[in-house]
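Both chains are given apart, each in its own frame, so use the hints to dock them into the complex.
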Amino acid sequence: MKNRLKVLRAERDWTQADLAERLGVSRQAVNALETDRHAPSLDLAYRIAGVFGMAVEAIFENPHRRAE
Amino acid sequence: MTAHTEATVAGKRYSVSVIVWMTVYAGLIVAMSWAQENDVISAPWIYVAAVSPALPIGAVILAMMRFLADSDEFVRLLIMKRYLAAMGLTLFACAFFGFLDQYTAVFRPPLWIVFPGFWFCFGLVSPFIRSST
Numbered sequence: 009m010k011n012r013l014k015v016l017r018a019e020r021d022w023t024q025a026d027l028a029e030r031l032g033v034s035r036q037a038v039n040a041l042e043t044d045r046h047a048p049s050l051d052l053a054y055r056i057a058g059v060f061g062m063a064v065e066a067i068f069e070n071p072h073r074r075a076e
Numbered sequence: 120m121t122a123h124t125e126a127t128v129a130g131k132r133y134s135v136s137v138i139v140w141m142t143v144y145a146g147l148i149v150a151m152s153w154a155q156e157n158d159v160i161s162a163p164w165i166y167v168a169a170v171s172p173a174l175p176i177g178a179v180i181l182a183m184m185r186f187l188a189d190s191d192e193f194v195r196l197l198i199m200k201r202y203l204a205a206m207g208l209t210l211f212a213c214a215f216f217g218f219l220d221q222y223t224a225v226f227r228p229p230l231w232i233v234f235p236g237f238w239f240c241f242g243l244v245s246p247f248i249r250s251s252t
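Residue numbers (my numbering), protein chains in the order written: chain A, 9 to 76; chain B, 120 to 252.
Fair warning: there could be bad hints in the mix.
Stated by the list, open to error - Calculated from the model, a selection of chain A residues having no Cβ within reach of chain B, i.e. all distances over 10 Å:
1. N11
2. K14
3. E19
4. R20
5. G32
6. L41
7. R45
8. A57
9. G58
10. F60
11. I67
12. N70
Stated by the list, open to error - Simulated restraints on C-beta separations:
13. A:D26 / B:A150: 43 to 51 Å
14. A:R12 / B:M199: 55 to 63 Å
15. A:P71 / B:C213: 37 to 45 Å
16. B:T127 / A:A63: 27 to 35 Å
17. B:F226 / A:N70: 49 to 57 Å
18. A:T43 / B:M184: 25 to 33 Å
19. B:P235 / A:D26: 35 to 43 Å
20. A:A57 / B:L230: 44 to 52 Å
Said to hold, decoys possible - Which chain B residues face chain A? A few, computed with CB under 8 Å, are given here:
21. S152
22. R185
23. D189
24. E192
25. F193
26. S245
27. I248
28. T252
Just so you know, these hints were derived from the structure itself, not from any lab. From the three backbone atoms N, C-alpha and C, an ideal C-beta is built for every residue, glycine too.
Just chain B, with the same shape it has in the complex (with noise of 0.2 Å):
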C-alpha cells in the first residue's frame, strides 16, 4: 500500500468511525430522554445507562488519537490546530455561559453539548486553519 493510498485509508477510517459514534452518541441520548420521561428504567441501571452515552466520545476521542498517530507531518499538525483552535472557542463558549448562568441564571445549556460544540467550533475553525505553519 503507498502512502498516499495509507493517507486516504486512514482519513476515510476516521470518517467512519466519527460518523458511526456520533450516531451512536445521539441514538443513546435520544433513548435515554425516552427512557426518563417514560420512567422506564430503575435503579441502579438507571446509573449505567445515563453515563452510556459518553462511551462513544471516548471511543472518537480515541478515533482522534488514532487518525493523529496515522497521519503524515502535514496533516498531524494541521489538525492539531484545527482541534486546539476548537478546543479553545469551546472552552471559551464554556467560560462564557457558565458566568452568564453564575450571576444571571437566566440561560443553562446541558453539560453533554461541549462535545458535540467542539465538533461545531472545529467546523467553524477550519477553512480559516489551512496551514501547519
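Just chain A, with the same shape it has in the complex (with noise of 0.2 Å):
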C-alpha cells in the first residue's frame, strides 16, 4: 500500500526506530512500511495517524477510492 510514511518521518527528524517506538511496532516493520512490504492492519493504520496527527487517507493512498 503506498503511503508517505517516510516523507512526513523524515519531515520530523526520526528514525525508523524513533517512530517504531511511537507506534510499538519493531522496526523492521516500520521499514516493510516504508518500502510497500507490508500493509498494515487497520489498527496499525488508525495508530500512525494518531502519531502523525492526521487522516488515514492523508499518509496512505486508498487504492480503492472510485474517480469523481
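Given below as C-alpha cells:
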C-alpha cells in the first residue's frame, strides 16, 4: 500500500527506530511499511494516523477510491 | 522497555531457545544411537529413551508459538508465511520420498529427519519471502 510515511518521518527528523517506538512495533515493521512490503492492519493504520496527527487517507493512498 | 527493544528481546529469546533445544535434540539422537549400538539400555527404559529426542521438538514448537505471540503484526505475518512455505515444501518432500519408497524401495529416509528438514526448507524459502502481503 503506497504511503507517505518516509516523507512524514523525515519531516520530523525521526529515525525508523524512533517511529517504531512511538507506534509500538519493531523497526523492521516500519521499514516494511515504508518500502511497501507490509499493508498495515486497520489498528496500526489508526495508530500511525494518531502519531502524525493526520487522517489515515492523508498518509495511505486508498487503492479502492473511485475517481469522481 | 520500548517496543523496539521488546521485539529484539523476543527475537533473541527465540534464537537462543531454538539453538539450545536443537542442540539437545542432536545430542539425544547421538546418545541414543550410541546406546542402541552398545546395547546399554534395556526395556522398559529403552522406550522412554527412544522417544526422548521428540521432546526438544515440542519445546522448539512452543518457542516458535511464543515468538509469534510476542512479535508485532509484520514480523508475525512474515514468519507465518515462511513457516507455511517451509511446511509445504517439507510435506511435498515427505510425499515425494514416501511414494519413492512405496513403489521402488530405493530410498527410505528416517522419519526423524523431517524436523531438521523443515528448518532446511525454512532457510531455503526465507530469502524469497520478505513481504507480509
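Determine which of the earlier numbered hints do not hold for this structure and return their numbers in increasing order.
Checked against the structure, the hints that fail are numbers 5, 6, 7, 14, 21, 22, 23, 26 and 27, while the rest are satisfied.
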